[in-house]
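Take a look at the letters that make up each chain.
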Amino acid sequence: MNPRPYLLAGPAATLLIGLLVCPLLLVIRVSLYQPANGRGFFTPGTWTLANHSALMDAHGLGLVGYTIAFGAMIAVVVVMVSFPLALFLRSLNFPLQRLAIAGITLPKFASVLVILFGLQQLLGDTGPVNRMLLTWGIVSEPLRMMRGLFGALLGEVFLILPYAVILLFVQVLEIDPILESSARGLGASRWQVFRRITLPLAMPGLVLAGQLALVWGMGAFLGPLLLGSPENTTLSVEIQRQAFEYGRWPRAAALSIQLILAIGICLGALTFLHNQVSGRRLGGDR
Amino acid sequence: MIAVPSSELVRLAGLNFGYGGAPLLCDVSLDVPTGKFLTLLGPSGCGKTTLLKLIGGYLKPQSGSILLRGKDLTHTPPEERGIGMVFQNYALFPHLSAKRNISFSLDVRGVAKSERDDRVERMLDLVGLTKFERDRLPALLSGGQQQRVALARALVFRPDLLLLDEPLANLDRHLRDQLRNELRRLQEQTGVTAVMVTHDQEEAMAISDFVGVMNEGKLLQIGSPKEIYHRPETPFVARFMGPANIFSADFPGASREKPLMIRPEQVVLGEAADHCSWSVPGTILSVSFLGPDMMVQVTTNGGLSLMVRVRSCDSIVHGKGIGPGQEIRVGIPSHALWQIPGSDGEGIST
Chain F
55 MNPRPYLLAG
65 PAATLLIGLL
75 VCPLLLVIRV
85 SLYQPANGRG
95 FFTPGTWTLA
105 NHSALMDAHG
115 LGLVGYTIAF
125 GAMIAVVVVM
135 VSFPLALFLR
145 SLNFPLQRLA
155 IAGITLPKFA
165 SVLVILFGLQ
175 QLLGDTGPVN
185 RMLLTWGIVS
195 EPLRMMRGLF
205 GALLGEVFLI
215 LPYAVILLFV
225 QVLEIDPILE
235 SSARGLGASR
245 WQVFRRITLP
255 LAMPGLVLAG
265 QLALVWGMGA
275 FLGPLLLGSP
285 ENTTLSVEIQ
295 RQAFEYGRWP
305 RAAALSIQLI
315 LAIGICLGAL
325 TFLHNQVSGR
335 RLGGDR
Chain U
204 MIAVPSSELV
214 RLAGLNFGYG
224 GAPLLCDVSL
234 DVPTGKFLTL
244 LGPSGCGKTT
254 LLKLIGGYLK
264 PQSGSILLRG
274 KDLTHTPPEE
284 RGIGMVFQNY
294 ALFPHLSAKR
304 NISFSLDVRG
314 VAKSERDDRV
324 ERMLDLVGLT
334 KFERDRLPAL
344 LSGGQQQRVA
354 LARALVFRPD
364 LLLLDEPLAN
374 LDRHLRDQLR
384 NELRRLQEQT
394 GVTAVMVTHD
404 QEEAMAISDF
414 VGVMNEGKLL
424 QIGSPKEIYH
434 RPETPFVARF
444 MGPANIFSAD
454 FPGASREKPL
464 MIRPEQVVLG
474 EAADHCSWSV
484 PGTILSVSFL
494 GPDMMVQVTT
504 NGGLSLMVRV
514 RSCDSIVHGK
524 GIGPGQEIRV
534 GIPSHALWQI
544 PGSDGEGIST
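For the protein sequence lines, the chains are F and U, in the order given.
All letters in the first sequence, in the order written, are residues 55 to 340 by our numbering.
All letters in the second sequence, in the order written, are residues 204 to 553 by our numbering.
These are calculated hints, taken from the structure and not from any lab test.
Keep in mind the model is a prediction, meaning the values are calculated, not measured.
Heads up, the beta-carbon is just placed ideally off N, CA and C, and yes, glycines get one too.
Hints are not guaranteed to be accurate.
What the hints assert, rightly or not - Partial pick of chain U residues on the chain F-facing surface, computed with a CB cut under 7 Å:
id	residue
1	Y261
2	R312
3	G313
Stated by the list, open to error - Examples of chain F residues toward chain U, derived with CB under 7 Å:
id	residue
4	R238
5	L240
6	A242
7	T252
8	L253
9	A256
10	P258
What the hints assert, rightly or not - FRET-style restraints, in silico, Cβ to Cβ:
id	chain 1	residue 1	chain 2	residue 2	range
11	U	A225	F	L150	17 to 25 Å
12	F	V135	U	P280	27 to 35 Å
13	U	Q500	F	L150	54 to 62 Å
14	U	K263	F	M134	30 to 38 Å
15	F	E228	U	E405	33 to 41 Å
Whole structure, please, built from the sequences with the hints as guidance.
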């Protein structure tokens with residue numbers, strides 16, 4: 055075996071082991087300690103499953119459920135918005151296309167906090183949007199867009215969208231427009247061309263963009279923290295709260311493991327679903 | 204207006220097309236007779252593929268009209284034209300098996316499953332695709348097999364008109380000759396009217412009932428392969444169809460104003476030249492061996508330079524042999540001499 059190619063993976067492997075695997079093992083161990091008794095992060099030398107079983111109560115399950123639902127909503131919204139946008143970008147001519155892509159990636163140059171605070175100001179109860187709506191008499195009291203599910207979703211979608219658009223754009227660029235022309239020549243309407251040619255050929259990209267958005271959405275922290283409601287929140291926000299507000303480090307560690315497991319299961323389910331669908335398409339008759 | 208005598212399936216009248224700058228197609232008018240095979244021939248960039256895409260509805264002309272069976276299709280989208288097309292790289296759907304590619308046009312028309320399967324099977328038999336290849340994705344098929352799938356896909360919905368954009372260009376020579384004959388057989392069996400685009404004059408002459416020669420967005424001449432080859436209307440057509448001797452000279456019954464043409468294989472060398480209506484002494488400049496033929500460059504004592512094609516097995520080669528510097532009789536039969544009526548500058552005479 056030639057070891058040289060493996061050396062290329064060296065830096066990444068070092069980072070992965072040092073910054074992901076080792077801390078993860080530590081987190082697993084911490085989740086099995088009893089909570090701290092007044093001092094420190096936990097009680098050393100103890101073993102318990104209580105931190106994990108506490109997640110099985112109504113509050114714990116609610117948290118997991120909300121996180122999965124939040125991630126799924128993010129994935130759906132991101133894919134629904136970025137797919138048409140990617141198709142639109144493909145249809146543009148060269149200089150205009152470059153300009154549009156630059157415009158879409160531009161927000162990524164600003165700090166995440168600046169973007170989220172900006173959204174908060176813009177859409178807040180006393181923000182310019184609500185003031186306008188009130189002045190025009192469209193609403194009688196301020197539309198509550200921030201500090202709730204809508205705000206949290208909006209913030210996260212705004213952060214993830216550029217990545218999903220670029221990813222999908224690269225995928226749809228691979229689809230030769232001559233295939234769509236030829237399908238129309240064979241009698242397919244625009245909708246049939248989309249349904250039978252464009253969509254299936256873009257599917258790998260759609261699944262990838264969906265997975266990206268799902269992972270990101272389930273792990274969402276800043277959006278739900280700054281723009282979401284304080285009551286209903288994601289696991290990430292709860293982890294931060296348990297650790298830094300209540301000082302319950304073992305509980306926070308258990309929640310972290312729960313989050314990783316939930317993301318893994320959801321990703322696996324999505325991949326399985328995609329394989330089922332594409333397998334049926336290739337093998338089946340209709 | 205150039206017209207082929209016969210009842211036409213397709214009529215193109217005064218088609219113009221271009222993107223801003225120089226026009227890609229300039230006032231093209233043409234009739235395609237029902238059930239015939241027409242080939243559009245020309246160098247790359249002459250507008251032949253553009254013309255094909257206009258007929259298929261993939262592009263819209265700036266002006267002019269396209270009629271199919273007398274019905275104006277100029278503004279009809281491709282899916283409503285019912286015209287089959289084989290694209291240059293076949294444009295097979297990469298995610299569908301050969302069979303599903305072929306049944307696509309029937310699927311979108313909602314043809315019942317039993318009828319659909321029946322028609323697809325018959326089409327597969329017609330183009331000669333084995334059972335084994337039918338369920339494969341296009342990427343797993345060879346170039347020749349992909350070409351057959353593309354043909355079957357374009358014919359399965361029984362279009363009146365079949366368009367072929369350089370369908371043989373991506374195949375190696377041996378396969379190309381074989382598929383050329385199959386293509387012609389298929390066209391005759393199905394009775395479909397075909398319009399093919401190619402830059403290969405041999406292919407065009409071998410397969411077609413009619414050939415239309417194009418250059419720089421204009422249709423220069425249309426006619427049977429023999430007409431186009433022996434009676435070209437412009438020097439460009441004469442040269443594009445094969446090697447040609449084009450010159451000006453005083454011949455009885457010919458005007459000095461217009462160029463004369465004779466194909467290299469029609470010039471006679473040696474003693475046989477004395478039987479020709481016009482024969483003079485000349486000198487061989489060079490000889491190149493091409494396998495079945497030899498191309499001989501001669502100059503007459505009057506200073507006329509001619510290419511002559513001689514069979515390699517000709518007695519003149521085997522007798523004294525021929526070589527550079529040798530003196531030889533050169534003869535031109537008057538029936539072989541053709542006065543080219545048009546010039547390249549002013550386009551076509553109609």
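Of the hints given before, which are not true for this structure?
3, 7, 8, 9, 10
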